[in-house]
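Novice: What follows is the residue order along each chain.
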Amino acid sequence: MTPATPAVAAPPGVSFAEWRDYLALLKPRVMSLVVFWAACALWTAPGHIHPFTAFVAILCVAVGAGAAGALNQWYEADIDGLMKRTANRPLPAGRIAPQEAFAFGAALAVGSVVIMGLGVNVLAAAILAGSIFFYAVIYTVWLKRATPQNIVIGGAAGAFPPLIGWAAVTGDVSTLPWLMFGIIFLWTPPHFWSLALFMEADYAKAGVPMLPVVAGEAATRRQILLYTLVLVPVSLLPWALALTGWVYGAVAIVTGTIFVIRALAVARNTATLTSAMGPEKALFKYSLLYLFLIFAALVVDHVVLA
Amino acid sequence: MNVDWTPEQTAEFNRRRRSRNIALGVFLVCLAVLFFGISIVKMIK
Numbered sequence: 023m024t025p026a027t028p029a030v031a032a033p034p035g036v037s038f039a040e041w042r043d044y045l046a047l048l049k050p051r052v053m054s055l056v057v058f059w060a061a062c063a064l065w066t067a068p069g070h071i072h073p074f075t076a077f078v079a080i081l082c083v084a085v086g087a088g089a090a091g092a093l094n095q096w097y098e099a100d101i102d103g104l105m106k107r108t109a110n111r112p113l114p115a116g117r118i119a120p121q122e123a124f125a126f127g128a129a130l131a132v133g134s135v136v137i138m139g140l141g142v143n144v145l146a147a148a149i150l151a152g153s154i155f156f157y158a159v160i161y162t163v164w165l166k167r168a169t170p171q172n173i174v175i176g177g178a179a180g181a182f183p184p185l186i187g188w189a190a191v192t193g194d195v196s197t198l199p200w201l202m203f204g205i206i207f208l209w210t211p212p213h214f215w216s217l218a219l220f221m222e223a224d225y226a227k228a229g230v231p232m233l234p235v236v237a238g239e240a241a242t243r244r245q246i247l248l249y250t251l252v253l254v255p256v257s258l259l260p261w262a263l264a265l266t267g268w269v270y271g272a273v274a275i276v277t278g279t280i281f282v283i284r285a286l287a288v289a290r291n292t293a294t295l296t297s298a299m300g301p302e303k304a305l306f307k308y309s310l311l312y313l314f315l316i317f318a319a320l321v322v323d324h325v326v327l328a
Numbered sequence: 002m003n004v005d006w007t008p009e010q011t012a013e014f015n016r017r018r019r020s021r022n023i024a025l026g027v028f029l030v031c032l033a034v035l036f037f038g039i040s041i042v043k044m045i046k
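As given, the protein sequences belong to chains A and B, one line each in that order.
Count along the first sequence from 1, add 22, and you get the number used in our numbering.
Count along the second sequence from 1, add 1, and you get the number used in our numbering.
Just chain A, with the same shape it has in the complex (with noise of 0.2 Å):
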């Protein structure tokens, strides 16, 4: 845990930050989940690709999600310090000042595109500089304060992982890390919703326009369920298309019921205390090991049994 901040005011230039702190900015849990997307990607996708340049190809996605997230936390430090689930963020918190983050979050997030460029390809430069700029800007700046539909839109941003780690191997961008993209856009809505709705306080009081906050409880419910039904088909079309093997058609199926299953739940539930969102809570930690089997049973699939 972070020592609390000396009492005292830090004069300004000198920093009371600590190296944690920085990468705290990078959000840490979030780069671990793009990482491993792209990751897969990486090594589902045919061809060779020197074992370096591919170290260096997740490290630049690595980096490259990091420096978002700080640009993102860098824009965000006003509502940051409104919720509870982020108040002790290093910004809102005042261990790091924000233009210290904001040089922090886009020296990286030009390193990280210039180094994908030189040591990988240029079509991974790109879309790592895009998936920057649309979660930096698109989403954060633009959408989140702006719509409910925020987070719907905004997934593609956390969907381009898969298009960049195929890409670093390929130099081209296929039907199935498209599928891939498409996957992981469908699932943002049933993941963060579900978040939302046992955080809807947080999110009112920093006055973002969630979908609870803004469309109630019960049109949110119903907008898990329906994204998931959509979802859920969508994650069989690799299998459909005869572009994975058994293992991806069966887990895809097995762990799509029970999604199915947990959004049901999450439909039916109609309480508004989050002490008794308990479907909600579940189908939050299971679509993180939803997205993680099937993604690893793509893996499986064509790194193993081929």
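Keep in mind that the hints were calculated from the coordinates and are not lab data.
Ideal placement from N, C-alpha and C gives every residue a C-beta, glycine not left out.
Per label pair, the in silico range of CB-to-CB distance:
1. B:20 x A:314: 30 to 36 Å
2. A:68 x B:37: 26 to 32 Å
3. A:293 x B:27: 46 to 52 Å
4. B:16 x A:164: 37 to 43 Å
5. A:326 x B:42: 23 to 29 Å
6. B:9 x A:37: 16 to 22 Å
7. A:292 x B:20: 46 to 52 Å
8. B:42 x A:297: 51 to 57 Å
9. A:194 x B:9: 54 to 60 Å
10. A:307 x B:16: 35 to 41 Å
11. A:110 x B:10: 19 to 25 Å
12. A:255 x B:16: 53 to 59 Å
13. B:10 x A:327: 56 to 62 Å
14. A:194 x B:27: 32 to 38 Å
Straight-line distance between alpha carbons at most 25 Å, and here's what the computed SDA-like set of lysine to any residue pairs gives:
15. B:46 x A:144
16. A:227 x A:116
17. A:49 x B:20
18. A:49 x B:18
19. A:303 x A:291
20. B:43 x A:136
Starting from the structure of chain A, add chain B where the hints point.
Specialist: The following block gives chain B in isolation, referenced to the frame of chain A:
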């Protein structure tokens, strides 16, 4: 540094600055290794 801190606050500040400097040093060494590796791979190709 001309700041009105207690000895404990000064010690805490120094500890945090040291941790940042070590992290920066590690980062720079890693960057050098990264560029070296990229160059070697490009030459092999």
